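Number of protein chains: 2
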Amino acid sequence: MRDDDIATAMRALGHPVRLNILRILATQQQSPCCCSDVTVSLPLAQSTVSQHIKVLFDAGLIERKSRGTRNCYTIRHDRLADLGAAYTGLLAGLAGGPIKELEMDPV
Amino acid sequence: MRDDDIATAMRALGHPVRLNILRILATQQQSPCCCSDVTVSLPLAQSTVSQHIKVLFDAGLIERKSRGTRNCYTIRHDRLADLGAAYTGLLAGLAGGPIKELEMDPV
DNA sequence: TTCTTTTATCGTAATGTACCGATAAAAGAA
DNA sequence: TTCTTTTATCGGTACATTACGATAAAAGAA
Numbered sequence: 001m002r003d004d005d006i007a008t009a010m011r012a013l014g015h016p017v018r019l020n021i022l023r024i025l026a027t028q029q030q031s032p033c034c035c036s037d038v039t040v041s042l043p044l045a046q047s048t049v050s051q052h053i054k055v056l057f058d059a060g061l062i063e064r065k066s067r068g069t070r071n072c073y074t075i076r077h078d079r080l081a082d083l084g085a086a087y088t089g090l091l092a093g094l095a096g097g098p099i100k101e102l103e104m105d106p107v
Numbered sequence: 001m002r003d004d005d006i007a008t009a010m011r012a013l014g015h016p017v018r019l020n021i022l023r024i025l026a027t028q029q030q031s032p033c034c035c036s037d038v039t040v041s042l043p044l045a046q047s048t049v050s051q052h053i054k055v056l057f058d059a060g061l062i063e064r065k066s067r068g069t070r071n072c073y074t075i076r077h078d079r080l081a082d083l084g085a086a087y088t089g090l091l092a093g094l095a096g097g098p099i100k101e102l103e104m105d106p107v
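These protein sequence lines are chains A and B, in that order.
Counting from 1, position 5 in the first sequence corresponds to residue 5 in the numbering used here; the numbering is continuous, with no gaps.
Counting from 1, position 11 in the second sequence corresponds to residue 11 in the numbering used here; the numbering is continuous, with no gaps.
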């Protein structure tokens, strides 16, 4: 995962409303969840929710499936796990300190 | 960790330059690392780096220590770990699905 | 004291984000 | 066909972010 992708995903998660959208998608995981389903659970206009969904979608954190007149969104758990792994890797790199190159090439 | 704090920390990590600043701080962990030390490692003006550092500081991800005429910054590994735990908790909540309340209150 | 170093902050410009209402396109129902 | 539902996108407003150069304050050196 490149730094740009990590940053994009982090920024997508960097808004409380979008965290809640993920939770809403998780809650209604059984039946497919569309934009209007999310909107009724939030004190925001439909256009605003659609915009937040787009941010999550562009960051690759949710998936879109066209079902009739609605677009159903589901969480991409694989991508969220990837981000978690990338974050763990980042922390490991930060903990190492300046002796990092010795660890990578032990002859 | 509240949603607002998670979002703030995520947003602070949501820029490639700030990821690099953390890595630079980690690399020069031995000797205290100040703003000018970070600046020479980046193709950015000192004022811009100072601003990025402020974002990380305001998010609680780095610590400031006044040492003479310079301000030395160090990584707050505890806060980064907190964020990792919060993220893990978020993922667990998202994986659970709509049966979440049954798990929390098994009588 | 004066000089230098270092940093945060100010001012500014360009760009991005967050919200809203209105609207056009797509798909199903009548 | 016409009507309804749903959604993405457009236009607009307000505010935040990112970048820069310039500058004042603080602390040490001369």
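Treat the hints with care, as some may be off.
SDA-like mimics (lysine to any residue), calculated; alpha carbons at most 20 Å apart, straight line [what the hints assert, rightly or not]: (1) B:54 with A:94; (2) A:54 with B:60; (3) B:65 with B:85; (4) A:54 with A:16; (5) A:54 with A:94; (6) A:54 with B:94; (7) B:54 with A:54; (8) B:65 with B:94; (9) A:54 with B:11.
According to the in silico footprint, chain A covers these stretches of chain B (three or more CB under 8 Å from chain A) [claimed, not checked]: (10) 58-65; (11) 85-92.
Simulated restraints on C-beta separations [to be verified]: (12) B:40 with A:69: 55 to 61 Å; (13) B:92 with A:69: 32 to 38 Å; (14) B:46 with A:41: 43 to 49 Å; (15) B:45 with A:74: 41 to 47 Å; (16) B:42 with A:48: 31 to 37 Å; (17) B:45 with A:64: 38 to 44 Å; (18) B:92 with A:40: 24 to 30 Å.
Keep in mind that the hints were calculated from the coordinates and are not lab data.
Predicted, not measured: the structure shown is a model, and the values here were computed from it.
Glycine residues also receive a C-beta, built at the ideal position from the N, C-alpha and C atoms.
Each hint, compared with the structure:
1. B:54 with A:94: holds (19 Å)
2. A:54 with B:60: Roughly 29 Å between the alpha carbons, so the hint for residue 54 of chain A and residue 60 of chain B is violated.
3. B:65 with B:85: Since the Cα atoms of residue 65 of chain B and residue 85 of chain B sit roughly 26 Å apart, the hinted pair is violated (cutoff 20 Å).
4. A:54 with A:16: Roughly 15 Å separates the two Cα atoms, so the pair holds.
5. A:54 with A:94: It is violated: about 32 Å lies between the C-alpha atoms, which goes past 20 Å.
6. A:54 with B:94: holds (19 Å)
7. B:54 with A:54: Not OK: residue 54 of chain B and residue 54 of chain A at ~29 Å, beyond 20 Å, violated.
8. B:65 with B:94: violated (39 Å)
9. A:54 with B:11: holds (17 Å)
10. 58-65: violated (count 0)
11. 85-92: Held - the region 85-92 of chain B has 4 residues with a Cβ nearer than 8 Å to chain A, which meets the minimum of three.
12. B:40 with A:69: 55 to 61 Å: holds (57 Å)
13. B:92 with A:69: 32 to 38 Å: Since residue 92 of chain B and residue 69 of chain A have Cβ atoms about 34 Å apart, the given range 32 to 38 Å holds.
14. B:46 with A:41: 43 to 49 Å: holds (46 Å)
15. B:45 with A:74: 41 to 47 Å: Given range 41 to 47 Å: holds, Cβ gap about 43 Å.
16. B:42 with A:48: 31 to 37 Å: Cβ of residue 42 of chain B to Cβ of residue 48 of chain A: about 35 Å, so the range 31 to 37 Å holds.
17. B:45 with A:64: 38 to 44 Å: holds (41 Å)
18. B:92 with A:40: 24 to 30 Å: With a Cβ separation near 25 Å, residue 92 of chain B and residue 40 of chain A satisfy 24 to 30 Å, so the hint holds.
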